[in-house]
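Undergrad: With these hints in hand, go ahead and build the complete structure from the sequences.
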Amino acid sequence: MTLMDENDDVIMNASFGSPKNIQWAQGKAGEDRVHITVSQEHDWIFVGIYDGFNGPDATDFLLNNLYSNVRKEVNGLLWCDEKNESFEVSRSLDSKERVELDRKLREKLSSFEGNGIITTVNHLGILKALSEALKKTEASYLDITDMMLVENPELALMGSCVLVMVMKDYEESLYGYEYDDVRHLSARQLTMDHSTSVKEEVRRIRNEHVDDPFAVFNDRVKGSLKVTRAFGAGYLKQPKWNNALLEMFRIDYVGNSPYITFGFSRIARYPTRGPEEVP
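full-length UniProt numbering numbers the first residue of the sequence shown as 1 and each following residue consecutively.
Honestly, the hints are just simulated from the structure, not real lab data.
You may find that some hints are simply not true.
No farther apart than 27 Å at their CA atoms in a straight line, the calculated lysine-lysine pairs in the DSS-like style are these [claimed, not checked]:
id	residue 1	residue 2
1	226	136
2	136	72
3	135	72
4	240	226
TA: The structure is reproduced here in structure tokens:
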């Protein structure tokens, strides 16, 4: 893995934007991808670790899209781009409405300091923004899977485990989420595994598929996948993606409910005193 400056001739393309004072790194190993972005301008660090399975397409999609979606969602929470902030005052406003608008404007401005740096941090908002970024990224990937189902049905097989961390230097806060069998470690394990090794996960899947006695067997979801939550892997989420596969790759899909989910059991902020979670 190498750390590169934004001015180097690398694959920093339109999906990532071209923010100033950015350094980033990407690592590739088979189906696995690593993405690190360091923003000196906004004093934040993004780390994405993508552990792929059944092929590299899902992890490549995460590598090219998740960071840009996270950046869009946290803009206004970790920093504010001035070009995205606008205030319009209509001549038709009465005096009471003008006073209220002025109050809101002052509140907005009071949360900023210097070069668009936010001094009042909405931690819960940041955690929800990370969640929304991941949901949008997977929705886009599954849309592409739909569009290419005839030409490339194997996209429905491919998926990835995800671990993402965002650190804001001045606040000394670490925000993170994962869903898969990877985990955050900071002197102690901070997140639980999402795999059939965890009894709670097996129980959850079986409770959601009471009509399928083989929802989990051979210590795998439908005898196919060890992880219980993952990005992509459409064949375990909807029958249409399973049915598009060659017969040798299909599972016996019972009903219409997903066997695995893209949701996570924990998304949290890790300050020095302990985690703060999204309810």
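Undergrad: Are the hints correct? Go through all of them and say.
TA: Hint by hint, here is what the structure shows:
{"no.": "1", "hint": "226 / 136", "result": "holds, 24 Å"}
{"no.": "2", "hint": "136 / 72", "result": "holds, 11 Å"}
{"no.": "3", "hint": "135 / 72", "result": "holds, 13 Å"}
{"no.": "4", "hint": "240 / 226", "result": "holds, 22 Å"}
Checked against the numbered hints listed earlier, the structure breaks none of them; every hint is satisfied.
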